[in-house]
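Given the sequences, and given the hints that come with them, work out the whole structure.
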Amino acid sequence: QKEVEQNSGPLSVPEGAIASLNCTYSDRGSQSFFWYRQYSGKSPELIMSIYSNGDKEDGRFTAQLNKASQYVSLLIRDSQPSDSATYLCAVNREKNYGQNFVFGPGTRLSVLP
Amino acid sequence: EPEVTQTPSHQVTQMGQEVILRCVPISNHLYFYWYRQILGQKVEFLVSFYNNEISEKSEIFDDQFSVERPDGSNFTLKIRSTKLEDSAMYFCASKAGLAEKLFFGSGTQLSVL
Numbered sequence: 002q003k004e005v006e007q008n009s010g011p012l013s014v015p016e017g018a019i020a021s022l023n024c025t026y027s028d029r030g031s032q033s034f035f036w037y038r039q040y041s042g043k044s045p046e047l048i049m050s051i052y053s054n055g056d057k058e059d060g061r062f063t064a065q066l067n068k069a070s071q072y073v074s075l076l077i078r079d080s081q082p083s084d085s086a087t088y089l090c091a092v093n094r095e096k097n098y099g100q101n102f103v104f105g106p107g108t109r110l111s112v113l114p
Numbered sequence: 018e019p020e021v022t023q024t025p026s027h028q029v030t031q032m033g034q035e036v037i038l039r040c041v042p043i044s045n046h047l048y049f050y051w052y053r054q055i056l057g058q059k060v061e062f063l064v065s066f067y068n069n070e071i072s073e074k075s076e077i078f079d080d081q082f083s084v085e086r087p088d089g090s091n092f093t094l095k096i097r098s099t100k101l102e103d104s105a106m107y108f109c110a111s112k113a114g115l116a117e118k119l120f121f122g123s124g125t126q127l128s129v130l
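Read top to bottom, the protein sequences are chains A and B.
When we follow our numbering, the leftmost residue of the first sequence carries the number 2, and every step to the right adds one.
When we follow our numbering, the leftmost residue of the second sequence carries the number 18, and every step to the right adds one.
The hints are simulated quantities; they were obtained by calculation from the structure and are not laboratory data.
Incorrect hints may have been included.
Cut-off 27 Å, straight-line C-alpha distance, at most; resulting in silico cross-link-like pairs (BS3-like, lysine-lysine) [what the hints assert, rightly or not]: (1) A/K68 <-> B/K100; (2) B/K74 <-> B/K118; (3) B/K74 <-> A/K43; (4) A/K68 <-> B/K95; (5) B/K74 <-> B/K100; (6) B/K59 <-> B/K74; (7) A/K68 <-> B/K118; (8) B/K95 <-> B/K59; (9) B/K74 <-> B/K95; (10) A/K57 <-> A/K68; (11) B/K59 <-> A/K57; (12) B/K100 <-> B/K118; (13) B/K100 <-> A/K57; (14) A/K43 <-> A/K57; (15) B/K59 <-> B/K118; (16) A/K43 <-> B/K59; (17) A/K57 <-> B/K118; (18) B/K118 <-> A/K43; (19) B/K59 <-> B/K100.
Beyond 10 Å from chain A on every Cβ pair, some chain B residues (computed) [claimed, not checked]: (20) I37; (21) N45; (22) D80; (23) R86; (24) P87; (25) T93; (26) A116.
Covered stretches of chain A (chain B as the covering partner; in silico rule of three or more C-beta atoms under 8 Å from a C-beta of chain B) [to be verified]: (27) 22 to 36; (28) 45 to 57; (29) 68 to 80; (30) 84 to 93.
Values in this document were obtained by computation on a predicted structure and should not be read as measured data.
Just so you know, even glycine gets a beta-carbon here, dropped at the ideal spot from N, CA and C.
What follows is the structure, encoded as structure tokens:
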């Protein structure tokens, strides 16, 4: 089983709709979870972090975490063409010594005007 | 706003040559990382660095790769003898603490001819 899994997409939604992006992870010890947005040819940009079960809202973005199901999601409300990008789910595996972020393969989102 | 700085933005080299990619992490950060992304593929972890030593490295980070923090600000990635398959975007990243957010530099596009 891969450490972090995402549907590769592309996920196409019409402008103004809700885009729903999903991510599952395998390491039950993971404690912090992140969503990054990456435009083509650019570096990943952090858009949301979530540390505890439940929902976290920031503007048009809502992150949801369910540690029992090892599941993280990102909802984008009122999707705009500028939201078209690849969305990377990242999981911080904490260890006593040395740790790293593990990224999923990313989901490509296309918002159609 | 503080940012991770990478130089150069583009590097072209001949196969077998040595390259050094440079990074200046955010000043109060303690954890440093190198990632790479081959065109169209996922972001791949190379190495993490903490307390002046490598804390973790991936299978990709073989004997041809090395990292160094020569002073209090720079963090470098050296590839001793580049191969065609080393062509990729290389991202430096840093974070302040164990569970903290990871911030990326804008990347160095390495092309090995």
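Checked hints:
no.: 1; hint: A/K68 <-> B/K100; result: violated, 41 Å
no.: 2; hint: B/K74 <-> B/K118; result: holds, 19 Å
no.: 3; hint: B/K74 <-> A/K43; result: holds, 24 Å
no.: 4; hint: A/K68 <-> B/K95; result: violated, 38 Å
no.: 5; hint: B/K74 <-> B/K100; result: holds, 19 Å
no.: 6; hint: B/K59 <-> B/K74; result: holds, 17 Å
no.: 7; hint: A/K68 <-> B/K118; result: holds, 19 Å
no.: 8; hint: B/K95 <-> B/K59; result: holds, 21 Å
no.: 9; hint: B/K74 <-> B/K95; result: holds, 14 Å
no.: 10; hint: A/K57 <-> A/K68; result: holds, 14 Å
no.: 11; hint: B/K59 <-> A/K57; result: holds, 26 Å
no.: 12; hint: B/K100 <-> B/K118; result: violated, 32 Å
no.: 13; hint: B/K100 <-> A/K57; result: violated, 44 Å
no.: 14; hint: A/K43 <-> A/K57; result: holds, 26 Å
no.: 15; hint: B/K59 <-> B/K118; result: holds, 19 Å
no.: 16; hint: A/K43 <-> B/K59; result: holds, 13 Å
no.: 17; hint: A/K57 <-> B/K118; result: holds, 16 Å
no.: 18; hint: B/K118 <-> A/K43; result: holds, 18 Å
no.: 19; hint: B/K59 <-> B/K100; result: holds, 20 Å
no.: 20; hint: I37; result: holds, 19 Å
no.: 21; hint: N45; result: holds, 17 Å
no.: 22; hint: D80; result: holds, 19 Å
no.: 23; hint: R86; result: holds, 16 Å
no.: 24; hint: P87; result: holds, 21 Å
no.: 25; hint: T93; result: holds, 18 Å
no.: 26; hint: A116; result: violated, 5 Å
no.: 27; hint: 22 to 36; result: holds (count 3)
no.: 28; hint: 45 to 57; result: holds (count 5)
no.: 29; hint: 68 to 80; result: violated (count 0)
no.: 30; hint: 84 to 93; result: holds (count 3)
In summary, the numbered hints that this structure violates are 1, 4, 12, 13, 26 and 29.
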